[in-house]
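Chains A and B supply the protein sequences, listed in that same order.
Residue numbering for the first sequence follows my numbering, starting at 1 and increasing by one per position.
Residue numbering for the second sequence follows my numbering, starting at 1 and increasing by one per position.
No lab work stands behind these hints: they were computed from the structure.
These figures come from a predicted structure and were not determined experimentally.
Be careful, since some hints might not be right.
Stated by the list, open to error - With a straight-line Cα cutoff of 25 Å, these simulated BS3-like cross-link-like pairs (lysine-lysine) come out:
hint : chain 1 : residue 1 : chain 2 : residue 2
1    : B       : Lys90     : A       : Lys305
2    : A       : Lys256    : A       : Lys142
3    : B       : Lys129    : B       : Lys24
4    : A       : Lys256    : A       : Lys16
5    : B       : Lys130    : B       : Lys163
6    : A       : Lys410    : B       : Lys24
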Amino acid sequence: MSKSFELPENYNKWTKGLIGAGLIALLYGFIAFHPFEHAGHGENVNSTRFWAVLLQNSVFFLLITNASMFFIGVTTLAMGGWQVALKRVPEAISSVVPVLGIITLVILLSIVWGGRTDIFHWIDPELYNPASPKFDKILNGKKGFLNPVFFTVWSILTVFLWWFIGQKMRSFSLQSDANGPMDYETGKKWINKNILWASLFIVFFGLSVGSTIPWLWIMSIDAHWYSTMFSWYTFASSFVAGMSLIAIYIVFLKNKGQLEYVTDEHLHDIGKFMFAFSVFWTYLWFSQYMLIWYANIPEETGYFKIRLTGPFSGIFFLNLVINFLSPLLIFMKKSAKRNWTLVTIMAVLIIFGHWIDFWQMVMPGTVANHAALMPFEFGIAALFVGIIMWRVGVFLSSHPMTAKNHPFLKESIIHHT
Amino acid sequence: MAGGIKKFVVGCFEDEAVLFPAVKNVRRAGYKIHDVYTPFPVHGLDHAMGLRETSLHTAGFIYGITGTTTALTCISWIFTKDWPLNIGGKPHFALPAWIPITFELTVLFAAVGMVLTFCYLCQLSPFVKKHHFHPRATDDLFVMAIECTEKTNEAEVTAFLEKAGAIEINTQNAETGWWIGRYDKVQKLYAETEKGY
Chain A
1 MSKSFELPEN YNKWTKGLIG AGLIALLYGF IAFHPFEHAG HGENVNSTRF
51 WAVLLQNSVF FLLITNASMF FIGVTTLAMG GWQVALKRVP EAISSVVPVL
101 GIITLVILLS IVWGGRTDIF HWIDPELYNP ASPKFDKILN GKKGFLNPVF
151 FTVWSILTVF LWWFIGQKMR SFSLQSDANG PMDYETGKKW INKNILWASL
201 FIVFFGLSVG STIPWLWIMS IDAHWYSTMF SWYTFASSFV AGMSLIAIYI
251 VFLKNKGQLE YVTDEHLHDI GKFMFAFSVF WTYLWFSQYM LIWYANIPEE
301 TGYFKIRLTG PFSGIFFLNL VINFLSPLLI FMKKSAKRNW TLVTIMAVLI
351 IFGHWIDFWQ MVMPGTVANH AALMPFEFGI AALFVGIIMW RVGVFLSSHP
401 MTAKNHPFLK ESIIHHT
Chain B
1 MAGGIKKFVV GCFEDEAVLF PAVKNVRRAG YKIHDVYTPF PVHGLDHAMG
51 LRETSLHTAG FIYGITGTTT ALTCISWIFT KDWPLNIGGK PHFALPAWIP
101 ITFELTVLFA AVGMVLTFCY LCQLSPFVKK HHFHPRATDD LFVMAIECTE
151 KTNEAEVTAF LEKAGAIEIN TQNAETGWWI GRYDKVQKLY AETEKGY
């Protein structure tokens, strides 16, 4: 396994094709949607749509790739052994974070510093001027958190730390390949080093994805509305899609004769994660919905009113069908989670479902009735999928596929669920 | 009480690493394994013994959907037909408010149903007794009971188990089913052969 993996011709073709299609969509957007025309809410819908779609896709794909590092972090902290045989896959996926992170930052900062009040209503300085007729008491109260400077600083710091700690974790793993087998003492030291950095990552992950980042990047579209569950909900969405992405890559690599130690047992555990976190996502979705429905306070129900009535209602329920009912019923059986074809189908479905979920988080508050699921939307998604495929391919083809000196490798080889 | 008295050759193993090949070899030699008793759940042993996959989860699923339907029909009947109440101006058919109860009843039915089914399948119940092939099976010993049919040569099985790594082998005439009563009247074996049990 020391020789590196050569990417199949088809993979490269698809990567180039998706990026190409995405760039055409982006170019089309630049020409047709006049993205740099200034517009208030609902005035220049095409330009709003351009930025809303970019925001949705960049945040979604950044979060699902970053979920891979979260997976490595939690399994490291839990002293997990079973995932070692497939650990290079989440490592490869998390190596996309710096690239997508920079793209996301460019998009977010263009929105915030480009004064796009149609996306983020709260960046309008008039709202905080008591003399102005636009003065907004509620947003004025949120000024300490929801302001462009804090948004910028915190976003940059977040992406930097995701990249930096993730890079550390990946480098430990890659160093272990070069250093040869570890004896007991070295192994212990190496594991402890991993645990230290994994815990730093998890703590910061809690401060970013677990709380502030979804508030800033997505929830602030509906700036008056807030839900303390929103970040957990977003996290669950991105984590289950992230596990699905890992599953797709495992099936792909296994088909190509790689990942020699990965068996049905490992796929079964990945499938359990996909199943369990689909249910967890539903739990958070429902808890958020029911409390707001029950309390029936106008400033809270507004968020669901626009989604439940009018053009979004179909997507709203489709979201539940794809992300809850289908994993629950199809993935419940043990044999389903050990079926490589079915896992692939479910993984694609779940990623698509959560992409739709992010779509319905972003669109109602920005483009409202003019939201679309047209070639432009899918083209931009293809661009991001292509970028992920490209970076993951680079990582996989330049590093050994199995962390062969990991002290827990044997535990993974004999793993039995 | 079902089953009747049968004769068994019982082999005791100290290590699951010895037990696994022993189970495989005993099966390959064509002996009939009555059961293997282990101090803790051993992963993959059911597979090695050739037991079929349990249907307990199918039963669990059925209990679960029974709970779901019970909760939904019961609550909807109460709140829409039997005793409609105006609660906070909500519609009588207030589905979101019922989901937590529905969930709880699903879990309750599935859990209680599965526990009872499990006890039934394992013939476990208060006051119901079953023969223990070795008291250390609940402590630190892996105990394999091989049923003697008319074709089985006892001495041969004993030799076979010895070769397979059993540390203790004996022959027992034991009741295969359950009974209600006391151990001391039926189970004399350990009282006679081994002091301290």
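Cross-check of the supplied hints:
Taking the CA atoms of B:Lys90 and A:Lys305, the gap is about 16 Å. The hint holds against a cut of 25 Å. As the CA atoms of A:Lys256 and A:Lys142 are separated by approximately 52 Å, the hinted pair breaks the 25 Å bound. At most 25 Å may separate the alpha-carbon atoms for a hinted pair to count; B:Lys129 and B:Lys24 exceed this at roughly 30 Å. For a cut-off of 25 Å, the pair hint linking A:Lys256 to A:Lys16 stands: about 20 Å separates their Cα positions.
For the given pair, B:Lys130 sits about 29 Å from B:Lys163 by alpha-carbon distance, which is inconsistent with the 25 Å threshold. For the hint linking A:Lys410 to B:Lys24, the alpha-carbon distance of about 23 Å falls within 25 Å, and the restraint holds.
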